[in-house]
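In order, the protein sequence lines correspond to chains A and B. Just so we're aligned, residue 1 is where the first sequence starts under full-length UniProt numbering, counting upward by one. Just so we're aligned, residue 1 is where the second sequence starts under full-length UniProt numbering, counting upward by one.
Misleading hints may appear alongside valid ones.
[Said to hold, decoys possible] Here are some of the chain B residues that sit facing chain A, going by a computed Cβ distance under 8 Å: (1) 42; (2) 43; (3) 44; (4) 48; (5) 50; (6) 67; (7) 96; (8) 97; (9) 123.
[As the list claims (entries may be wrong)] With a Cα cut of at most 16 Å, we get these calculated EDC-like pairs of lysine to aspartate or glutamate: (10) B/53 <-> A/42; (11) B/188 <-> B/243; (12) A/70 <-> A/220; (13) A/188 <-> A/243; (14) A/188 <-> A/110; (15) A/53 <-> B/243.
Simulated from the structure, these hints should not be mistaken for lab results. Bear in mind the structure is a predicted one, so any value in this text is a computation, not a measurement. Glycine included, each C-beta is placed from N, C-alpha and C at the ideal position.
There are 2 protein chains.
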Amino acid sequence: MCQLLGMNCNTPTDILFSFEGFHRRGGLTDHHADGWGIAFFEGKGVRLFIDDKPSADSPVSALVRQYPIKSQNVIAHIRKATQGVINLANCHPFQREIWGQYWIFAHNGDLKDFHARPGCYYNAVGSTDSEAAFCYIMEALRAKWCTPPDTATLFAEIARLTAELHGHGVFNFMLSNGDWLITHCSTKLHYIVRQAPFPAAHLVDEDVTVDFATVTTPNDRVAVIATVPLTDNEQWTAMQAGEMILFRDGAPLLQHQS
Amino acid sequence: MCQLLGMNCNTPTDILFSFEGFHRRGGLTDHHADGWGIAFFEGKGVRLFIDDKPSADSPVSALVRQYPIKSQNVIAHIRKATQGVINLANCHPFQREIWGQYWIFAHNGDLKDFHARPGCYYNAVGSTDSEAAFCYIMEALRAKWCTPPDTATLFAEIARLTAELHGHGVFNFMLSNGDWLITHCSTKLHYIVRQAPFPAAHLVDEDVTVDFATVTTPNDRVAVIATVPLTDNEQWTAMQAGEMILFRDGAPLLQHQS
Numbered sequence: 001m002c003q004l005l006g007m008n009c010n011t012p013t014d015i016l017f018s019f020e021g022f023h024r025r026g027g028l029t030d031h032h033a034d035g036w037g038i039a040f041f042e043g044k045g046v047r048l049f050i051d052d053k054p055s056a057d058s059p060v061s062a063l064v065r066q067y068p069i070k071s072q073n074v075i076a077h078i079r080k081a082t083q084g085v086i087n088l089a090n091c092h093p094f095q096r097e098i099w100g101q102y103w104i105f106a107h108n109g110d111l112k113d114f115h116a117r118p119g120c121y122y123n124a125v126g127s128t129d130s131e132a133a134f135c136y137i138m139e140a141l142r143a144k145w146c147t148p149p150d151t152a153t154l155f156a157e158i159a160r161l162t163a164e165l166h167g168h169g170v171f172n173f174m175l176s177n178g179d180w181l182i183t184h185c186s187t188k189l190h191y192i193v194r195q196a197p198f199p200a201a202h203l204v205d206e207d208v209t210v211d212f213a214t215v216t217t218p219n220d221r222v223a224v225i226a227t228v229p230l231t232d233n234e235q236w237t238a239m240q241a242g243e244m245i246l247f248r249d250g251a252p253l254l255q256h257q258s
Numbered sequence: 001m002c003q004l005l006g007m008n009c010n011t012p013t014d015i016l017f018s019f020e021g022f023h024r025r026g027g028l029t030d031h032h033a034d035g036w037g038i039a040f041f042e043g044k045g046v047r048l049f050i051d052d053k054p055s056a057d058s059p060v061s062a063l064v065r066q067y068p069i070k071s072q073n074v075i076a077h078i079r080k081a082t083q084g085v086i087n088l089a090n091c092h093p094f095q096r097e098i099w100g101q102y103w104i105f106a107h108n109g110d111l112k113d114f115h116a117r118p119g120c121y122y123n124a125v126g127s128t129d130s131e132a133a134f135c136y137i138m139e140a141l142r143a144k145w146c147t148p149p150d151t152a153t154l155f156a157e158i159a160r161l162t163a164e165l166h167g168h169g170v171f172n173f174m175l176s177n178g179d180w181l182i183t184h185c186s187t188k189l190h191y192i193v194r195q196a197p198f199p200a201a202h203l204v205d206e207d208v209t210v211d212f213a214t215v216t217t218p219n220d221r222v223a224v225i226a227t228v229p230l231t232d233n234e235q236w237t238a239m240q241a242g243e244m245i246l247f248r249d250g251a252p253l254l255q256h257q258s
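Here chain A stands alone, though its shape is the one from the complex (with noise of 0.2 Å):
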């Protein structure tokens, strides 16, 4: 299975150190070595960098943990392939526009006999079954909606099409607008709010520890999600499987269980 890795702030974070284990998963700690992919959102703007090269050795992953991007969302993903070749068209995370956003998706699973019929607005561009299910998405709300409807009842229809896809297979995943990012746990799906005291904090990937409080202010809110604890010596939450959270500006906001 894929493993992400996702983070919202309420002030631009670089994510150098949750990325330095992270990456590692792909090819080195652990066997996802079909290819990787990180956004980041800066104000409207996005960053996207996939490479279908495992990430512990991309030079586009050399590059990410060199530049201290600074971002209020980011979604990562490393990929080990269950459905679709591995090619650049296949890796996550994918990108769309819809309402003059741009909306970046990454998933972690595995959909039996999914079969989107062709969108009007979206098409899949490669052949996973996870680029399907984010076209289906981003179709069938931009179907229901010419603008985008207040963040509660966006919430609730992403959380009534997750729920249909879901029945499908393993659907784990993550969404964000530069606005919010929307996690949904069908698996595993892990994740921690940090925020002051900020606490010193250590790899479980590799021997790495750093001191958040001498890197930021005391108004930081920082909420780290993925599939597995990054860290060994803090508490991290548990997702529930049919669980979907929407964090906004570092912390959950919104919750749904199906």
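Chain B: place on chain A using the hints.
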């Protein structure tokens, strides 16, 4: 004004030589320091690197110069802001999906009094006239066809839309779907087709020479298109104002003069 660089080939080729001279125009040898971007198609997938820092000292540009990504279609852009502030959402190239294909667009120029109505399918995220023009073209094509027409019909319709937009001001652009690359000249655009026997070429912007005969096979054919010729010992063809060309497999295939 901005600078454009495009490459269309009959076999995946790296753009390192051309990019070596081109990237220096972003803040070193010329004054286009308001961001830059480059898109590489790989099959149906696309790598899009954008940065709101000058290309001459951008870490992302350093990566691109060291990482020989091979592609049949590349579009690069160095920005000198005319409309829209300097931020990531306003960096070219822009990307959208249509008919299950990614399309990439970059513009050099300035469109006056161009105010597109809100699109049903496509809307700009940033505040440039360029992205608005791209969305206008995409919107019109998608409204006309639910599935892609043949290339000649598509080219003729893009030429019609281009003439309309050209009425608003300077509109040099490059557009690619990964199969073909279309260039339109409003004020300044040059191209060259390189094929066997391959020449040794010398960069204008830097004292670098490459002997293409040593890095190609006899069947390779590469079209390079740039605002200003990149080499000083080859014969570049100047496009005419109102001329639009569709390149495929490294050579002009369709031409339109308005």
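Hints versus structure:
1. 42: holds (4 Å)
2. 43: Nearest chain A Cβ about 6 Å off; hint holds.
3. 44: holds (4 Å)
4. 48: holds (6 Å)
5. 50: holds (7 Å)
6. 67: Nearest chain A Cβ about 5 Å off; hint holds.
7. 96: The hint holds - residue 96 of chain B has a Cβ within 8 Å of chain A, the shortest such distance being about 6 Å.
8. 97: holds (6 Å)
9. 123: holds (4 Å)
10. B/53 <-> A/42: holds (13 Å)
11. B/188 <-> B/243: Judged against 16 Å, a Cα distance of about 10 Å means the pair holds.
12. A/70 <-> A/220: Roughly 13 Å between the alpha carbons, so the hint for residue 70 of chain A and residue 220 of chain A holds.
13. A/188 <-> A/243: Status holds; Cα separation ~10 Å.
14. A/188 <-> A/110: holds (13 Å)
15. A/53 <-> B/243: violated (40 Å)
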